Structure formats: C-alpha cells, structure tokens
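Asks: Read off the chains here:
Protein chains: 2
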Amino acid sequence: MLDVTEKPKVQALLSKLNKVMLAQDINQILSLFVKDCYWRDLLAFTWNIKTMEGNIKVGEMLSAQLAHTKPHDFKIHADREVSSENGVTSAWITFETSTAQCEGQIRIKKGKIWTLLTSMLELKGYEEPLGTNRPMGTRYGSNENQLTWKEQQEKEKTELGSAVQPYAVVIGGGQGGIALGARLRQMGVPTLIIEKNDRAGDSWRNRYKSLCLHDPIWYDHLPYLPFPKSWPVFAPKDKIGDWLEMYTKVMELNYWTRSYVTKAYYDEATQDWVVDVDKDGEKVTLRPKQLVFATGMSGKASIPDFLGQDKFKGDQQHSSNHPGPEGYEGKKAVVIGSNNSAHDICAALWENNVDVTMIQRSSTHIVRSESLIEHGLSALYSEEAVAKGITTELADLTFASIPYAILPEFQKPIYDTIRSQDADFYRGLSVAGFDLDYGTDETGLFMKYLRRGSGYYIDVGASQLVIDGKIKLKNGEVSKVTKDGVLLGDGTKLDADLIVYATGYGSMNGWVADIVDKETADKVGKVWGLGSGTPKDPGPWEGELRNMWKPTQQDGLWFHGGNLHQSRHYSHYLALQLKARMESIPTPIFGLPDVHHTE
Amino acid sequence: MLDVTEKPKVQALLSKLNKVMLAQDINQILSLFVKDCYWRDLLAFTWNIKTMEGNIKVGEMLSAQLAHTKPHDFKIHADREVSSENGVTSAWITFETSTAQCEGQIRIKKGKIWTLLTSMLELKGYEEPLGTNRPMGTRYGSNENQLTWKEQQEKEKTELGSAVQPYAVVIGGGQGGIALGARLRQMGVPTLIIEKNDRAGDSWRNRYKSLCLHDPIWYDHLPYLPFPKSWPVFAPKDKIGDWLEMYTKVMELNYWTRSYVTKAYYDEATQDWVVDVDKDGEKVTLRPKQLVFATGMSGKASIPDFLGQDKFKGDQQHSSNHPGPEGYEGKKAVVIGSNNSAHDICAALWENNVDVTMIQRSSTHIVRSESLIEHGLSALYSEEAVAKGITTELADLTFASIPYAILPEFQKPIYDTIRSQDADFYRGLSVAGFDLDYGTDETGLFMKYLRRGSGYYIDVGASQLVIDGKIKLKNGEVSKVTKDGVLLGDGTKLDADLIVYATGYGSMNGWVADIVDKETADKVGKVWGLGSGTPKDPGPWEGELRNMWKPTQQDGLWFHGGNLHQSRHYSHYLALQLKARMESIPTPIFGLPDVHHTE
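Residue numbers (my numbering), protein chains in the order written: chain A, 5 to 603; chain B, 5 to 603.
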C-alpha cells in the first residue's frame, strides 16, 4: 500500500547510492545492501540477464562493470508511488548509465536494499521512434522524387535478403519471432523472419480445432499493439492466428513464408553467419551478423521410443501434429501423457464421441484456470489491474522484479490457497485415480513452468471429464506398442485406432544441432530451466532461464521465446542487445554462465 | 484550470436539477438555465442529434420528451475534474434515463447553465461486451459439439445475406462504413457492408501515390483499436489501406468486396428495404430493416460542364479518379480547382516533372498543417494531450460539447493567431496571385468544413510550390475546353495533355437518387452543412449537420461518414440508434428537421 512517509527515506537511500556509485566505492555501495540481497539486472550493468545473489556476487559484478557503466541520477520514478507492506518498502526508480536510460525497482528492509531490479529502457541516441518521437510521415516539396511509403516497402521486400543483407535472421515466425521482429523493426535493425508455414499465424491455425489460449488476454498482448478490449478472455486459436497475420503486416515485418533454414554456420573470419534458406523452393544464402532461434520452447517434439511402434496399424502422431478428432468418431484413442496437450486433446476427442484413454506415466500438477487467474494473475493482469493503472509494461516489470531464487516463496501461498479453495476438485481427481502433484516443493504451476516447461495442466474443462470417467484414465508405464494398440506395464491391453504421444518437447538447442551442428548445440547447451535440482531441471543453480534472451556461448547465436508474456517483455531486451551490437556500442558482458547440460 | 472551490457549487446545481427533473417541472428546470443557453443532445433526451438553442427551444423539447425520458441521478463525473476559466465553470457529468447510462458536460455562467451536453453511453440491458464485460471465449466440457470460433465465423459468412438476413446494410466500405460496422458488430447487430473495390482499404490505395492523411494520427483512430504509438503523424495512404483491411478482418466485419447496390426500395408494408446487390457478379437480394449510406461525404464526384470537353484529345478526369503523375513526365497538366485535392495533385505532378498550372476559380482558405495542429488540434489530439489524460473519447466529447452556433466564436481566435503567426506565408501566396480567404466570417477551416465540406487546403507543402511559381497559377473562370487544352475567361489559352477536375463533390443524397429514386433523395434532402447562410451553406439555420448520423425523413434510411474523428465518434450514436430499433426499444424522436434543400 501507498506510503508517503517512506518516500523521504527512499530518496535518502538513493542519494547515498548516487554518491557511492559516482565514487565507485564498492564497499560503500555494498554497505547499502543487506547481506542476502538480490540484484537482478536486465542489461543495464551486465549486458546480460543476470541475477547477482548475495552481496559477494554483487561485489564481483560491480568490480567488473561499475567503471564503464557509470550509473548516475538514481531517483524515485516520477509517475509511480512508493509503497510498503510487512516491513518491506518498494519503490520504482529511474537512472542513467553511460549508454542508456534505465528504470528499476528497489525493495528495502530495515533501511537497506533487499532486492534491486535494474532494467535498460532506451539506448541514448537510439531512442525508439514512438509517441512523441514518432516519424512525421511523407511531406511534399522538400524532396523531389522521394519514395512513397509503399515504394519503400516494396524496395525493402525486393532487396532484403538479396541485394541487401539483413543484420539479423530470426528462425521461426510464431508469436516469439513476430514479437521480436516488431521490436527490431522499431529499433531500425534490418531483420528477416523465416517461417515454414504458408501464412503467419498457421502455427496456431494448424492446431486442433478447439484450442484456445489458456492464459487470459491481458497477459497475452504483443508489443506496441495490444488486443482490443472487445477480445474474449481466452482467445480461440484461429482468432490469434488472424491477429498474428495482421500484426506481421501492419508492423511491417520482413517475413518469408514457406521457407526454412537448411543449414547455418558461423564464419569466424568475417564474424557473420552463412545461412542457407529454402525460400519457397528457391535456394537463398543469407549473411546476417546475428542468428536468433525462435523455434518454440515447445517446438522440438519429443517422442519416446517404444517397442513395436513401427508395427502399429492405426494412426499415431506427436501432440504437436495431432490434426484433431475429425474422422475418429466412434473409434478408440489412446493418449500417452497427462499434461496440457494431453488434456486438451483428450477433451476434444471425447467431445467428438471418441473412446479415449489417457495414460498417465508421472504425476501432473493441475490448476483450474479460474483459480489461476484469480490468485495467480489478476493482481497484475486483469481488467481490475488495468483500472488501477497497472499497465502491461508495469505488470511485466513487477513480475520481473522478483528474483527467481525467492520466487517460490512468493508463489507457494498462492497455490496453498488454490489447493484449499479447490479441495473438492482435487479430491474428485484423486478419487478418479489421477496422480496429482503441486510442484516439487508445492510452489505450483509457474515454478514448474520455469523449471521444466512441462508437467502441468491449466484446467479449462478436461479435468471434469476425467473426474466423471468420460476421459478414461490409466496410470503406469507403456510396455510396448502392438499392431492394435498399447500394452501397459501392468499387463493391461488397450485397443487403439489412434495413438497420440503427448510426450512433450526437447530443448531448443536441438534445432541448433539440426541446423548448425551438434558441436555448437553442445557448446551453447540446454535451453530453459533454472538449475533448481528438481525433476527435469538439474543443477547447478543458474538463477535465470538458461540461454533465453541473452548472450550464449556462441557468438551471434540467440534464443527467443517463452509464453506470450515473456515473448513480449523479453523481446525488448533481446532487441536492445542486437541494436547495440549493430551500432557498435560496447556491450561488455558480465557473468556468461558455463554450460553444464547439453539437453 | 482545475477549480476545487467550484465543485460544491456544481454539485448543488446538479442536486437542484435532479429535483426539478424528477418533479417534471419545466419552468423550474428552465430557471436553472440562462436565457441564451444551448443544450446539445446526443440521443439521451431526443433520440436525435439536436441542439436546442435558447430556453424556449429547451422548454419545447422538455415538454415533448421529459416524461418518458425520466432523467435522474445527475452527478459530477467520478473520474474527471471540475474546472473554471474566465467566469465559466465546466464539469463533466453522468446521469441515467429510463433506457440508458449517459454522460455529458455542463458550462455554468453566474450560477446558471449556459451550455449542456447530454450524450448516451450505453443502453441498459444491452451494454457492449467490452473490458470487464468481454466474452470468456470457448470452454470445454459443458457444451458438446459447440461450434468453435472459426466455425461460427464460417457459418455466419455463409448464411448472412442468404439464409439469414442482416438487420442493417451499409453501402460503402471505406473508413466510415468500417467504423460503423465495428460498432454494430460490438452491439450484436447483424450487418453487411457492401464495398465496390477489390479489397478493404482500396478507397485509399487507389488514390494518387503520394497521398497521406492531412490530419494527425491522434485525430484519426478507429473505434476499439487505436493506431500503435509507432505510427507516423501523417499516415501514408497505403499504410491506412492496409490497416483498414486488417481492421475489417480482426474486428470480424461481414464485408463483401467487388459488390455494389444496384437498386433499393423501401417496402412500407413489411417495413424493410429490398436491396439488390451485385455480389462479385452474383445477383443477391437483401432485406434489411436499416439502410445506411456510407458512400463518402466526398464521394459523389462533381464535374462542371464545359463546352468542348468531348473534343479534348488528352486525358481528363475528376480528382477522385486521378491515377497520379506516372506517364505524364515532361507533359502539360491543367488542374481546375484550388482546394485540397487540387493542391495535392499539383504537387505530385510537379514532383514528377510535369508542367502544371492550377486554375483558381474562387478563393481558398489555406492553413499550414503545422499551424493547424499547433493551434487547432493539439489541445485535444496530440501526444501532449494523451500525456495529460485526454483520451480519444474525452477529446471527442470535449469537441462535441461546443454547440455549432457558438463554435465560430471559439474558432476565430485560433485562425487570427494562425493568420498572424504565418503572415509571411500568406503574403507569399498573395504575391504569387493566390486568392485567399479565411472563411466568410474569418472563422477558419473547420467552420468551412462543417458548412460546405470544401473550399480549403491544409498545406503540407504544395503552397510553397505555388509561392515559388513551380506550380503555375491562373485565376479566373474556364471558358471552354479545346481539343488541345483549356481556354480561360480572360482569353488565356493553356495547352494540356491532362486536365484534372478538382471540382469537388455533390451531396450524399445524390447516391440515394441513383440507388433508390429522386423522390426519396429529395424527401431526405441535402446532406451536410449547418444552414449558416454562408456560401454553399444556405439557410435556414439547422444547428447540426444535415442528415448526418441521425434519423432522416425516410424511415430506415441513414447517412454515415465525415472525417476520421467524426466517423469514429458519431458511429457510436448511429449504432445505438440501430441497436435500439432492433431491440424494439422505443425511440421517440424530437425535432426531426424539415427539408429545405434537395442538393
């Protein structure tokens, strides 16, 4: 809650901080922090996405970065309030470095800094042409023979990728590649997006017919052009597909459809990439400086090997290639897996009179969508939040201000509340035989998402079908696939006309192995996860999502993606990093992590 | 400026107003108004767009409308401030009627109401599904075999206009028809938009290549989906075309391209229209209840008859059909006219090395675009206005709160300032021989626009070309067209390979004459103009734009259009009127004007 009495104290602390930063006195700076502090930096100091945990790590970072960063002018943010709760005072701040305008957030306990978020807003001299800085548009008279907007568009379309090389190539034209493309265009970075499907939005259109977003609309906006207030809370896939297609056009993205990268390698001599593209049948070679994989955090389908798969007489496919229930009415389907895709697919099959059995091989964390919104998201992403002045930008920054190391503490109460509020729901599932978890340390869905990107289902109706026995459930391992169906470890035989492997996805560096080579894939290592030591997220602790939106161990190679919120928010930082390199602004990186896992 | 001391006085006045409105005591109500008061009502009391000028007219309206309107709960608007300046106190208000939630504005002089704006916001029971009321989106489980969004869209596309009749048909799919279509869809009114061009946006794409909007972007937003803050101040025509095309798609409009209405008549017996449409070659008959002409206030080209036109060897066309300067390099062009289109076309021709002469037949009012923005628009429509919390909706309502009768007084100082600030500019034009005016009563551009929709140019660079003699200028009447060019009244002979008639447009009821019949066109009468008695706007005084966005003398026939600001703002009121009729909500109209002019 708002607290005007705390404001002078915060101001005093920031004054001190300015003084000691200017003096570059690291010990004095550290004296302003508690020992168990957290400093999350988004580019401003580290040119990385990096959390320094504890005053020693903070000290190491300052030793390396302070001198050239030259941070100054720390102030309370002019348009946001200071608040305090439970002995913690929070304030939004602005400051500058030698290269950038920045903002951030500070949490203070007993007069010292507990958490600090520092985030780069704009590169000085390269501010985005938005709002007051927007371009004027074409004018007459002063410029004979000037090209019209349309002529400029057409020239660019013809030249980029042939006569003129793009600075960046983005592999993948889904929501991630599109959001990043929009940011890069705004920052004047010539970019080509390579998309294999026929049309922008097809990555959504091609999914099974009843799919809708499971995150509420306020969470999902793309950069610069939010969804109108007439949009439903849960957007249907085709509506999203059409929006993405439109967005690609009105945001003027250079977007190649029916195209895919066949091969890419990094030329150390010239320091650019050589990227072979099949451009709708035509062979093209691109030479960008930067190569971004936006192929989908849920992109590289993972299908387990089961004995007998080649003998199966019916249809079988990974969930990502599942066409939907049409044609299977009255038939039998077995869906292997029990997380998000499995539930969506089972529900759609049941709705179309298919006899469907879900095979649960390990526990799943389930949260009812309404509960997730009510307790997990609505404080920041809802109509109510908007009415309170919490813009999408502010919501994103608020969420970013909580270091991953302590995020579980913030999340656990939410899921405790949900577990209690939805006790009947969970009981119904257990009675039906469903193997539930609430996250390893009961910290719930978002932590599971960050740690392993899987192992949960946001319930939008399928769970009731499981509770009612309409979706049949079997627990256990799959022993083998037979010509007629599936044989389970306990000897149960299930006939099937259709097997769907809702068995998840592999790390995005799998695409690097395919397109570049295994050596480079291993060099950059596993993508995603925090190093929490929980299932599918082996340590050591990284404290940030591996390889996402930041420098990797391979020069010029980047990963972009995540959910719509992350794509939107972190595309800003990735675009700034590419822009800085294009403008030869020094970007001395602090704390590039070592690689401990290759997948 | 903000004035907290005035707030209690306003509250007291509103309390009195509530009391006397409840008592339906007209004399008491009138005692709260000054004698020379103005009450502008947008549907709430009159189901019309009507300004009552003076307390007698206010009394007449109340006698007719008060009893069934049942206005109550007048309050100061919860989210907007009371202000006062020069002895006038202004406040935003909210109130309710028996059928609607409403808002408005009040200006108070010496404790009494000087101007009152009453505006309908939402129909009770038919609130738009926006924001907090937005639809949820598809959910599983509860609804077997429910149609997906895509299936619903396809069903609608197939059925509407054949198996299912639209409630409303909108003739014309330019920005006006599109804005209205979006409002109607939001209000659940089944609507078909009939557009003759190949694609939505072509009405812009097909214009000459260098055309940009002359109004700054903040003025131009469409309903629900504003332009992103990355858009230029003056949007190029093709960019607008693409936006309109996208908008039509994402706002889910039922939009027929390559289609036009061949004939329509009103069936008095069934009280609907019989509308014959050529739907991309297929003959279709529609039977809507409501027919809206959104054919363009600048739609029906007006070409004067000159002797010899049929003998001319070169190319000749109305400005609306001018293809642009390509192919005329090194040739001679004569442009007849000296207003907006004439200037744009002359500038584009000059830029492409065409020898161009503008023929000015009557005076033109010119305002430099920068000056118009600075002094005329930026208070309400600019980045600065947005930063001050002046939303597009608030800006529109603020502008609407100034009655047309006194608008000239508000406008004159603006143009006096501009005239003085740009004295050198105007001198340069006069020296070059240009015949300038500043509006009949020197009240400038917007009054000219409202009165006659023509007679001005918003300078975006062409005037300098006239000043420099690059665009040659001739004043006088055209005597005749010869086989080689044009002969002026003073005997001057101008050779021409191209003649462009930048000679304006006729009243929109010309389309009614073409599509319905002359009798109906005459019955509804001239469209546009205020009845000011100034050139091309003959009296008697109407006090509102004739026939625009409100009931006409022909049941079920409506006109929509205007500039992007008017299209956006007034589409709300027109959509509410159609929605009310669709839901059989009584809409007793007050003050339908008599028709005094048929063109």
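Fair warning: there could be bad hints in the mix.
Since the list can't tell identical chains apart, any single copy or any two copies may satisfy a pair.
As the list claims (entries may be wrong) - Subject to a maximum C-alpha distance of 30 Å in a straight line, what follows is the list of computed DSS-like cross-link-like pairs (lysine-lysine):
hint	residue 1	residue 2
1	K159	K335
2	K233	K392
3	K154	K304
4	K154	K474
5	K287	K304
6	K233	K253
7	K527	K474
8	K335	K61
9	K293	K315
10	K39	K11
Just so you know, the hints here were simulated from the structure itself, not pulled from any lab data.
Keep in mind the model is a prediction, meaning the values are calculated, not measured.
Asks: Could you figure out if K233 and K253 sit no more than 30 Å apart (CA to CA) within one copy, between two copies, both or neither?
Replies: Result: close both inside a copy and across copies, 21 Å intra and 16 Å inter.
Asks: If the cut is 30 Å between Cα atoms, do K154 and K304 qualify within a copy, between copies, both or neither?
Replies: between (38 Å within a copy, 27 Å between copies)
Asks: Taking 30 Å as the upper bound on the Cα-Cα distance, should K39 and K11 be classified as within, between, both, or neither?
Replies: Answer is within; shortest intra-copy Cα gap is 23 Å, inter-copy 53 Å.
Asks: Taking 30 Å as the upper bound on the Cα-Cα distance, should K233 and K392 be classified as within, between, both, or neither?
Replies: both (16 Å within a copy, 22 Å between copies)
Asks: Could you place K154 and K474 in one of the four classes (within, between, both, neither) given a Cα distance threshold of 30 Å?
Replies: between (56 Å within a copy, 26 Å between copies)
Asks: For K287 and K304, with the copy left unspecified, which applies at a CA distance of at most 30 Å: within, between, both, or neither?
Replies: For K287 and K304, the Cα distance is within 30 Å only inside one copy (24 Å; across copies 51 Å).
Asks: At 30 Å max between alpha carbons, let me know whether K527 reaches K474 within a copy, between copies, both or neither.
Replies: Neither, since 47 Å and 65 Å both go past 30 Å.
Asks: Please sort K159 with K335 into within, between, both or neither, judging by C-alpha distance up to 30 Å.
Replies: between (54 Å within a copy, 27 Å between copies)
Asks: State whether the alpha carbon distance between K335 and K61 is at most 30 Å within one copy, between copies, both, or neither.
Replies: Neither. Shortest intra-copy (59 Å) and inter-copy (74 Å) distances fail the 30 Å Cα cut-off.
Asks: Can you tell me if K293 and K315 fall within 30 Å by alpha carbon in one copy, between copies, both or neither?
Replies: neither (47 Å within a copy, 62 Å between copies)
Comparing the model with each earlier hint shows violations of hints 7, 8 and 9; every other hint is respected.
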